[in-house]
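**Student:** Can you make the complete structure from the sequences, with help from the hints?
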Amino acid sequence: MSNDASCDAAFFALPRIHPSDAPDVVDAIHVVRHVLMQRPAHRQYRRWGEEEESGPAS
1085 MSNDASCDAA
1095 FFALPRIHPS
1105 DAPDVVDAIH
1115 VVRHVLMQRP
1125 AHRQYRRWGE
1135 EEESGPAS
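For what it's worth, our numbering labels the leading residue of the sequence shown as 1085, then goes sequentially.
Please keep in mind that the hints were generated in silico from the structure rather than gathered at the bench. Using N, Cα and C, we set each Cβ at its ideal position, and we do this for glycine too.
Label pairs and their computed distance ranges (CB to CB):
| hint | residue 1 | residue 2 | range |
| --- | --- | --- | --- |
| 1 | Cys1091 | Arg1127 | 18 to 28 Å |
| 2 | Glu1136 | Pro1099 | 51 to 61 Å |
| 3 | Phe1095 | Arg1123 | 22 to 32 Å |
| 4 | Ile1101 | Arg1127 | 31 to 41 Å |
| 5 | Glu1135 | Arg1100 | 46 to 56 Å |
| 6 | Arg1130 | Asp1092 | 27 to 37 Å |
| 7 | Glu1134 | Pro1099 | 42 to 52 Å |
| 8 | Ser1138 | Phe1095 | 40 to 50 Å |
| 9 | Pro1103 | Glu1136 | 46 to 56 Å |
| 10 | Asp1105 | Arg1130 | 31 to 41 Å |
| 11 | Glu1136 | Pro1107 | 35 to 45 Å |
| 12 | Ser1138 | His1118 | 25 to 35 Å |
| 13 | Phe1096 | Gln1122 | 24 to 34 Å |
| 14 | Ser1138 | Pro1103 | 50 to 60 Å |
**Tutor:** Shown next as C-alpha coordinates:
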(Lines of atoms letter the chains of each structure in order from A and count residues from 1; the text may use other names and numbers.)
(Lines give C-alpha, C1' and ligand atoms only; values in the text may rest on other atoms or scores of the structure.)
Protein backbone atom coordinates (compact mmCIF):
# COMPACT_ATOMS: atom_id res chain seq x y z
CA MET A 1 0.00 0.00 0.00
CA SER A 2 1.36 3.43 -0.89
CA ASN A 3 1.99 6.05 1.79
CA ASP A 4 -0.88 8.27 0.67
CA ALA A 5 -3.28 5.32 0.76
CA SER A 6 -2.02 4.49 4.27
CA CYS A 7 -2.68 8.06 5.35
CA ASP A 8 -6.17 7.92 3.84
CA ALA A 9 -6.94 4.64 5.56
CA ALA A 10 -5.55 5.86 8.90
CA PHE A 11 -7.76 8.95 8.86
CA PHE A 12 -10.89 7.05 7.93
CA ALA A 13 -10.19 4.46 10.65
CA LEU A 14 -10.44 7.20 13.29
CA PRO A 15 -13.74 7.78 15.10
CA ARG A 16 -15.97 10.20 13.21
CA ILE A 17 -16.20 13.55 15.02
CA HIS A 18 -18.03 15.63 12.44
CA PRO A 19 -19.72 14.63 9.17
CA SER A 20 -18.01 17.37 7.15
CA ASP A 21 -14.52 16.12 8.07
CA ALA A 22 -14.54 13.34 5.46
CA PRO A 23 -15.21 15.55 2.40
CA ASP A 24 -12.69 18.11 3.69
CA VAL A 25 -10.02 15.44 4.08
CA VAL A 26 -10.79 13.99 0.63
CA ASP A 27 -10.42 17.47 -0.90
CA ALA A 28 -7.14 18.04 0.96
CA ILE A 29 -5.77 14.69 -0.19
CA HIS A 30 -6.58 15.57 -3.80
CA VAL A 31 -4.86 18.95 -3.45
CA VAL A 32 -1.70 17.35 -2.05
CA ARG A 33 -1.66 14.70 -4.80
CA HIS A 34 -2.12 17.39 -7.46
CA VAL A 35 0.80 19.42 -6.06
CA LEU A 36 3.03 16.35 -5.89
CA MET A 37 2.15 15.26 -9.43
CA GLN A 38 3.10 18.71 -10.74
CA ARG A 39 6.71 18.21 -9.69
CA PRO A 40 7.75 15.74 -12.42
CA ALA A 41 6.04 17.88 -15.07
CA HIS A 42 7.75 21.02 -13.77
CA ARG A 43 11.17 19.31 -13.91
CA GLN A 44 10.53 18.20 -17.50
CA TYR A 45 9.46 21.70 -18.60
CA ARG A 46 12.66 23.11 -17.08
CA ARG A 47 14.72 20.54 -18.97
CA TRP A 48 13.00 21.47 -22.22
CA GLY A 49 13.69 25.15 -21.54
CA GLU A 50 17.37 24.46 -20.83
CA GLU A 51 17.65 22.41 -24.04
CA GLU A 52 16.05 25.27 -26.01
CA GLU A 53 18.47 27.82 -24.53
CA SER A 54 21.54 25.71 -25.25
CA GLY A 55 20.48 25.05 -28.84
CA PRO A 56 20.29 21.77 -30.71
CA ALA A 57 22.63 18.97 -29.68
CA SER A 58 25.49 18.42 -32.10
